[in-house]
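Trainee: Protein chains in written order, with the working numbering: chain A, 1 to 547; chain B, 548 to 867; chain C, 868 to 1192.
Read the hints as simulated data drawn from the structure, not as lab findings. Hints may contain errors.
In silico lysine-lysine, DSS-like type, Cα no more than 30 Å apart, as pairs [stated by the list, open to error]:
1) K493/A to K252/A
2) K1030/C to K231/A
3) K209/A to K91/A
4) K298/A to K369/A
5) K483/A to K107/A
6) K1030/C to K526/A
7) K231/A to K1054/C
8) K290/A to K1030/C
9) K433/A to K317/A
10) K107/A to K88/A
11) K384/A to K344/A
12) K344/A to K1030/C
13) K392/A to K107/A
14) K961/C to K209/A
15) K231/A to K88/A
16) K1030/C to K524/A
17) K961/C to K298/A
18) K205/A to K961/C
19) K526/A to K1054/C
20) K369/A to K290/A
21) K524/A to K1054/C
22) K392/A to K317/A
23) K252/A to K132/A
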Amino acid sequence: MSARNIAYLLTGLVVALIVVGGIVAIASSGGGDDSPGTGTSASAAPRVAGELRLFGADPITLDPACASDADSATYIVEIFSGLVTFDKDLKVIGDIADHWEVSTDGKVYTFHLRTNVLFHDGSRRVTADDFKYSMERAINPDTQSTVGDVYLDDIAGVDDYITGKATSVSGIKVIDPNTLELTLNTPDAVFIDKMTYPTAFVVDKNQVKDSTCFDSSWTLNANGTGPFKLKQWDLGQQILLVQNSDYYLTPKPSLQQVTFLLSGGSSYTMYQNDELDVTGIGANDIESVKDTTNPLNKEYHTSDSLDVFYIGFNTKKAPFDDPDVRRALAMAIDKSTLANDILKGLVLPADGILPPTMPGFNSGLQSEKFDPTAAKALLDSTGKADQLADVKLLTSGQGAAPQDALQAITAMWQQNLGVTIEIQQEDFGLFLKDIDDGNNQMFTLGWIADYPDPQNFLEINFRSDSGNNQTGYSNAQVDQLLKAADAETDAAKRLQDYQQAEQLIVTDEPWIPLYHGHSSFLVKPKVQGFEVPPFVLPYLRFVSITS
Amino acid sequence: MTLDITAPQLQTTPQKAQGSRMFRRLMRRPVAVVAIAVIVIIYSAGIFAPLIAPHGFNEADFTNRYASPSLAHPLGTDSLGRDLLSRAIWSAQTTVIISVAAVLTGGLVLGLSLGLIAGYARGFVDYLIMRLAEIFGSVPPILLLLIITATLLGSVQDLGYNVQDWTGQHWIVSSGAPSYVLVFGALSMFGWVGLSRLIRSQVLALREAPYVTAAQAAGASHFRIIFWHLLPNVGNLVIVALTLSLGAAAGAEVGLTFLGIGVQSPHPSFGAMISEGVGLTNVRTHPLLILVPAAVVSSLILAFNLLGDQLTDVLSPRRR
Amino acid sequence: MAPGLASYIVRRLAIVPIVLVIVSFATFALGRLAPSDYVEIQAGPRASPETIARIQDERGLNDPIYEQYGRYMWDALHGDFGTSVKPRGVSVSKILLPRLWVTVQINVLVLIFTWMIGIPLGTWAALKRGTWLDPFTIGSLLMFASVPVLVSVPLLQWLLVLKLGLLPSGGWSGASFLGVDFGLLSKRAVLPILALTLSGGAGLARYMRGQVLEVLDQDFVRTAEAKGLRSDVVVVRHVLRNAMLPIVTIFGFELAGLIAGSIFVETLLGIPGMGLLFYESVGSRDYDVMTAIVLLGSTIFVFSMLLVDIAYGFIDPRVRLGGAG
Chain A
1 MSARNIAYLL TGLVVALIVV GGIVAIASSG GGDDSPGTGT SASAAPRVAG
51 ELRLFGADPI TLDPACASDA DSATYIVEIF SGLVTFDKDL KVIGDIADHW
101 EVSTDGKVYT FHLRTNVLFH DGSRRVTADD FKYSMERAIN PDTQSTVGDV
151 YLDDIAGVDD YITGKATSVS GIKVIDPNTL ELTLNTPDAV FIDKMTYPTA
201 FVVDKNQVKD STCFDSSWTL NANGTGPFKL KQWDLGQQIL LVQNSDYYLT
251 PKPSLQQVTF LLSGGSSYTM YQNDELDVTG IGANDIESVK DTTNPLNKEY
301 HTSDSLDVFY IGFNTKKAPF DDPDVRRALA MAIDKSTLAN DILKGLVLPA
351 DGILPPTMPG FNSGLQSEKF DPTAAKALLD STGKADQLAD VKLLTSGQGA
401 APQDALQAIT AMWQQNLGVT IEIQQEDFGL FLKDIDDGNN QMFTLGWIAD
451 YPDPQNFLEI NFRSDSGNNQ TGYSNAQVDQ LLKAADAETD AAKRLQDYQQ
501 AEQLIVTDEP WIPLYHGHSS FLVKPKVQGF EVPPFVLPYL RFVSITS
Chain B
548 MTLDITAPQL QTTPQKAQGS RMFRRLMRRP VAVVAIAVIV IIYSAGIFAP
598 LIAPHGFNEA DFTNRYASPS LAHPLGTDSL GRDLLSRAIW SAQTTVIISV
648 AAVLTGGLVL GLSLGLIAGY ARGFVDYLIM RLAEIFGSVP PILLLLIITA
698 TLLGSVQDLG YNVQDWTGQH WIVSSGAPSY VLVFGALSMF GWVGLSRLIR
748 SQVLALREAP YVTAAQAAGA SHFRIIFWHL LPNVGNLVIV ALTLSLGAAA
798 GAEVGLTFLG IGVQSPHPSF GAMISEGVGL TNVRTHPLLI LVPAAVVSSL
848 ILAFNLLGDQ LTDVLSPRRR
Chain C
868 MAPGLASYIV RRLAIVPIVL VIVSFATFAL GRLAPSDYVE IQAGPRASPE
918 TIARIQDERG LNDPIYEQYG RYMWDALHGD FGTSVKPRGV SVSKILLPRL
968 WVTVQINVLV LIFTWMIGIP LGTWAALKRG TWLDPFTIGS LLMFASVPVL
1018 VSVPLLQWLL VLKLGLLPSG GWSGASFLGV DFGLLSKRAV LPILALTLSG
1068 GAGLARYMRG QVLEVLDQDF VRTAEAKGLR SDVVVVRHVL RNAMLPIVTI
1118 FGFELAGLIA GSIFVETLLG IPGMGLLFYE SVGSRDYDVM TAIVLLGSTI
1168 FVFSMLLVDI AYGFIDPRVR LGGAG
């Protein structure tokens, strides 16, 4: 090699760049406008008439007794069904149970089952025995469900069954094949709500046999009773559901097939390429969709979720045992910038804990407003600013970049309070353990409703002795109000109790409520009746496709 | 991206000390000079990041998100209004810290000493060390790196907290040190194999050289022979191999951080920048987010590849 | 065959089981050293700590690591690689095989293209040494070989998906051919194959160019040319034959490199192959899946490295194989 090689090499690199650039330039001009996929037919898989194509998350399990995550439940509620369900107005209605009676003391529920409910394989109809089997299976420790006892422990005799003192749950009684009687330990206003949860769904005992939650290969061919049958589950690739033509509720499912794609790149691009009929919209795309000159704007829908995202404090550990420190951090967060600017209106800023669509939502709630100067003054007055130096904000997740929102919050604290708080990402299991053990100072988490009742938000998270009270928050007045609400039979009075409790909690600030989900998505015009429910509910049977 | 983090195989014949001559020959090659210049520029940017970066790595400005390039932000800003140029400079600092630490611990300390010991002691010790090298060389590094960093991150961070409580040094965890230590520690676990083999083969040959046998005959201690006679003669090669493995370690850090198991946010890394910039929408609407880290990482790897070519040329007598 | 080579191969083969045991045990132990296991990860926010503890106990997660490892290996030797936890309760082979098939489809094609492009391109580039084409070939080969897939994939997406609209953005579709899943036949396969081939092919061509140049400078080639043999005959008969042998060694490195490449490409494009599965299984502490993939990956890697070393031994008998003291 000679001294000329530098010139050679540089020319080489430049030429290579020019060629690549040229290709790109030609390509760009040839490709016309910026919208991808114009005029080209990307991937033409054979289409089924009446097929709805969605982007889906990979479920952990399709076993109703075992599912503890929303991703799995999304499929389970379409494939399986239980005694009762919610209608579109979030009222409890009969599902496999045609109707039911509650005894005057509120302890005995008698369900009368429909006689025309078949398992998907058509082999036999569902009877009360199947329900007894399914619920006992969910509770049975041998099944190794982490949620079975959580949703069913109101039923009398569950404890004896779990500890092995009884061979069956005394509170679950089969009167005759069409009648099931459930007896509770104590009356519970939300018991019927809990019966809508998958742990109370019916499974086919001939198929399930004695399989555990960790040995549920039967779910690959799950034989359910819900509006859709599981046709095919290609692990990690796709889930195909087909219409259950024997479905017993009206409206019957109209879609022939629902395809959930579990793998793939950007669902937004796939939607534009007509590979999907529905897509969620992320913060990056929402502005262009909201632009009314964009043709996609007509396909833009939103839906509110019954959820809340928050920052929780460990109120038992310094410095967050001091409510003023918590309030100062809350006042230093500009929730409206967060919701509207960082998250582009994909969420609604949260003042309180209950989402706006929840019964008992209090529009007159008093909460700390964004005020950087007051926040700084308040923090200085506590004299604990320096203790914030080694505080970490614990979050769950795997990935290099925590959500923008969290980074924005720490940046706001930096700017408004001058404190550097690092975000610590942990995998979900460790994260939950650290929170349960109180091995944290502050964390961020979301809470989504199991059923539309304030009890599901307030009592579970804030009663002093609740198993899920992760902040260690304890306020005797709040406990008393929650207890009163539990026993209250007057619905309006009950909601009032919850509102008072919420006000006390918000003032004490064990959580900084950040925002409520307000998801945005695009739906092709040919898809009718597509409404995303506010929490996990069966909804696909209301959807249809016009040609 | 390959995560081949073992030191590149340099095939050379043992040579007597001629470091300065080699370096002079290298510097006569303009391509090598350019490659070295690129590496030096990126590494100096990293070393002097606190002095030259116009903004902090986590300095957000919400009124100025996704800003286009301007005088205030020469490369624009990211989704949080953080200055991209500054993010890139601070990321270079991470590159410097991880690659230098991994190469010093894995390459220099482990690789050199194990290579010297194996070559000098021969016999059973040599056998043991070489079998160990064989085992480490038979493992796909990426698989174990991923497992090590992903599973130990939590524990190492906990350890960081414990050390912090114990010593009262509150900067330890907030500086991100635990994740840095974990990443370069994991890299160095696999980084010693190539170098130790190289050194060993050199030492095996040098060991028979007249001046070594003479020193042995004169009753010099093992310590003296290793450090006085052998080390200076392999020093040359060590520097070359270490320089090249810097590039490999730098690339590996980017890959691990991209997967979310390397350096933890908000600490800057090209891997984190890439993972924030990928995604079709970002690529379409804010291409600088991906272009900036992509350009730096590619030039760095390009420069190390060039330098490797040039060094092989200089070292191998066969080549022109 | 060199006399030492046979015994060397035997020794190397003997080391394979040791390597596999060490690696799988390390995987096993590391997975369990992690602060949380799959029961905790999947328990959900409502589960009680007592229930979690009981299930962990029942599933043997509190047993000593060596006992758990022993159980796993015993079953593995009988062809049972355990069950996954995401999705729950599916046998590992059932999970792994479709994923492996996706990765194999991509990588076999990548290997074929890499060689089809790399060898002729490298030879051609070497023969053009000193002409006006030389800087272009050196420069572009170097550039393509140096761009990591982390960078090339987004750029290719921008060009081929956004600008040209030629390809879908990612993922994998289960196009089937004669009843067998052949995602390869779908357009989705283009992007990952292209990205991996670009860097692999350029790298191979660069290496090939160097080898051919080296052979060209050797005496016997010069002699042949001096004897008046036509240059294309020289190239095919002498140069290529002598240059190909060292090239074989790179095959092993390529195979090994594909494991790493697959993880990044599949993660970037959301392709349900083995690389993505591995990444996910580490995250969800899917011990059995994790260990099975490491066992498989290590086996491939060990044998590719063995191939490399043996090839070295063939090419240059002076190389003291392994150099046992």
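Trainee: Of the hints stated earlier, which fail here?
Mentor: 1, 2, 3, 4, 11, 13, 17
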